[in-house]
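Colleague: Now for the letters of each chain:
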Amino acid sequence: MAKEYWRWKEYNWRDEKRDWRDGKVITGGVDVGSVSSQAVIMVDGEIYAFSNMRTGSNSPDSAVNAMNWALEETGISMDDFDFIVGTGYGRVNVPYADKAITEIACHARGGNYMYGPTVRTILDMGGQDCKAILCDERGKVTNFLMNDKCAAGTGRGMEVFADLLNVSIEEVGDLSLDVEEEPPPVSSTCVVFAKSEASQLLRDGWSRSRVLAAYCSAMAHRVFSLLERVGVQKDFAITGGIAKNTGVVSRLEKELGLTALQPRHDTQIAGALGAALFATTLVEKGKGRKKSQTAVTG
Amino acid sequence: MITVGIDAGAKNIKITFLKDGEVIATGISPSGFDQNAASEALMNETLAKVGLTHSDVDVICSTGAGRKVVPGAKHVLTEVSAMARGSLFLRPDVRTVIDVGAEEGRAIRCNEAGKVEDFAVNEKCAAGSGAFTEAMARALEVSLEELGKLSLTSSASVPMNAQCAVFAESEVISLLHASTPKQDIAKAIHDAIASRIMSMCRRVGINPAIMLVGGVARNVGFVQSLRTAMEEEVFVPDNPEFVGSLGAALIAADREVETATA
Amino acid sequence: MKANYGYMDGSGDYFITIDTDKCVECETRACVAACPANLFVIEEDDWDDLVALIAQDKRKSVKYDCAPCKPVTDRPPLPCMAECPFDAIEHSW
Ligand code: SF4
Ligand code: SF4
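Chains as they are written, first to last, in this note's numbering: chain X, 1 to 298; chain E, 1 to 262; chain Z, 1 to 93.
Think of the hints as simulated: they come from the structure by calculation, not from any bench.
We treat Cβ as the ideally placed atom computed from N, Cα and C, and that holds for glycine.
Treat the hints with caution; some may be incorrect.
One side of the interface only, derived from the structure: several residues of chain X facing chain E at Cβ under 7 Å [what the hints assert, rightly or not]:
no. : residue
1   : 150
2   : 151
3   : 190
4   : 192
Work out the full structure: start from the sequences and follow the hints.
Modeller: Now the structure itself:
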């Protein structure tokens with residue numbers, strides 16, 4: 001099982017104010033990531049229920065468990081779905097999905113729903129990768145990049161630092177802001193070399209906060225360069241574990257001269273949500289499982 | 001004439017004393033945090049070893065990442081010039097020099113006259129340097145020397161997907177958990193870095209004879225993997241880590257002769 | 001859409017950008033045959049357009065895979081870019 005780089009909790013949620021039986025189109029999205037998996041159930045294009053849980057040792061089981069948990073107490077059964085889309089790293093291993101769509105496309109679609117149609121730039125910083133996505137008002141991707149080769153700029157890089165300084169990952173942000181004056185950023189991008197640099201700074205008598213400040217600002221700058229490659233446009237949003245690290249977020253906002261939008265839902269479900277939205281569109285286009293019925297639905 | 005070459009590397013400082021074209025002493029010590037002081041100390045220690053004093057030395061020439069802080073250096077050389085000069089001295093038919101140090105990898109192509117024609121450097125990413133093998137040895141919990149030897153006993157080819165030293169560490173740990181034999185993992189590590197070094201060499205063009213220098217040339221597993229990747233003989237001198245300081249000392253002597261005859 | 005495949009690491013930026021709006025027009029698919037490292041594959045993307053992508057297993061090693069096409073000096077035109085009839089391919093390095 002992959003390691004967790006940010007604190008989050010497993011939970012499920014269901015809209016108690018609505019009854020799915022009143023709806024016409026029921027779709028699902030499931031995002032199987034390396035650390036966590038989410039399932040979203042949509043009724044007529046609005047979120048009805050979702051779950052967020054750890055990814056187990058294999059993708060198919062994680063996909064099934066996440067969906068079962070989202071379905072819990074809703075009375076919906078697998079046969080009620082019109083379409084299900086799988087996304088994320090394990091997307092091709094979702095046994096019940098009708099189609100697999102990349103996490104980039106789903107993230108943009110989900111971001112568009114969560115933040116509204118004005119969002120143009122989405123930064124997603126996860127445990128093992130970093131994505132920069134530009135999208136239009138319908139949530140269609142216009143430019144993207146994903147960096148999953150290098151640990152710099154990912155949760156993994158931050159974890160190396162947290163371990164070195166013996167602080168927990170969720171303390172990093174606050175500690176890094178507890179400095180009188182902003183130190184110069186760590187000069188090496190490479191996590192391996194940055195770590196030796198940090199060890200040296202500690203020997204020179206720097207406090208842990210100061211070292212973390214230097215690293216958070218290096219990381220913010222790193223992510224800034226990634227964003228520059230796609231060309232940042234307003235409005236701007238951050239998803240993924242990094243959104244919880246105020247030390248990186250505040251420095252990045254400063255460097256960009258932009259404030260990140262606040263989401264309407266837990267950003268961890270962005271991918272699964274986008275997958276469910278794609279599923280809804282596909283049903284509308286007549287590609288649903290129950291073709292005769294959806295023809296009536298329109 | 002006595003010339004001294006000092007190669008202030010990221011990890012170690014190397015020194016070579018040259019008297020009329022013959023190496024009379026070498027020394028090595030960790031770079032530590034103060035390369036200036038470490039160079040000074042190594043200089044004094046080596047002088048004492050051969051029974052000389054500062055005034056016996058005609059010229060000091062420095063190279064390496066910390067070359068600018070070496071005290072008393074009259075000439076400051078890039079690693080490329082120093083490595084090429086040193087390699088050609090050891091083996092005049094060398095046309096390609098591959099230098100793999102703690103934090104950098106370098107490929108240099110020379111012509112018949114020993115002049116550098118082209119070079120490529122891989123720096124600032126640990127995946128293409130000795131730091132990669134060090135990190136992997138730590139993950140496998142073996143010494144660097146053992147890592148090299150282990151690798152020679154494997155004939156398997158296990159692919160390594162991670163192209164980053166940090167992610168590769170996690171991959172090595174998963175391979176261990178999956179009960180992959182240590183020697184096969186060791187070979188996978190060396191094959192991975194050899195293929196990265198190999199592709200850097202392609203950018204300058206590879207002409208035999210090929211010489212591998214720098215501290216990582218001591219790693220027998222890496223040498224083996226590199227030979228396989230290059231499909232060519234790769235020569236490793238007896239003291240590969242001293243080729244830079246040797247080259248610096250040689251160039252210092254060359255320049256003294258030039259100025260004397262000019 | 002501008003699809004950037006590749007990565008950024010401590011040593012630099014290595015991205016191959018494919019402009020899918022141009023690429024979708026192509027009938028020759030010349031990049032696939034032109035690339036000696038077999039980096040290109042033609043697949044349907046998430047918007048049902050049949051376009052060129054960089055193969056999944058090559059995306060973390062483009063700097064190394066492209067090395068033979070990119071000598072340090074006297075770099076010739078890159079085969080993938082030279083063959084593409086729509087100028088849809090760009091390299092960041
Ligand atoms: S720069 Fe460092 S952290 Fe990034 S890929 Fe290279 S080894 Fe990994
Ligand atoms: S530069 Fe060469 S190897 Fe790289 S994508 Fe183009 S044709 Fe392929």
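Colleague: Now, for every hint given, state plainly whether the structure supports it.
Modeller: Taking the hints in turn, this is what the structure says about them:
no., hint, in the structure
1, 150, "holds (5 Å)"
2, 151, "holds (4 Å)"
3, 190, "holds (5 Å)"
4, 192, "holds (4 Å)"
Violated hints are absent here; each numbered hint is respected by the structure.
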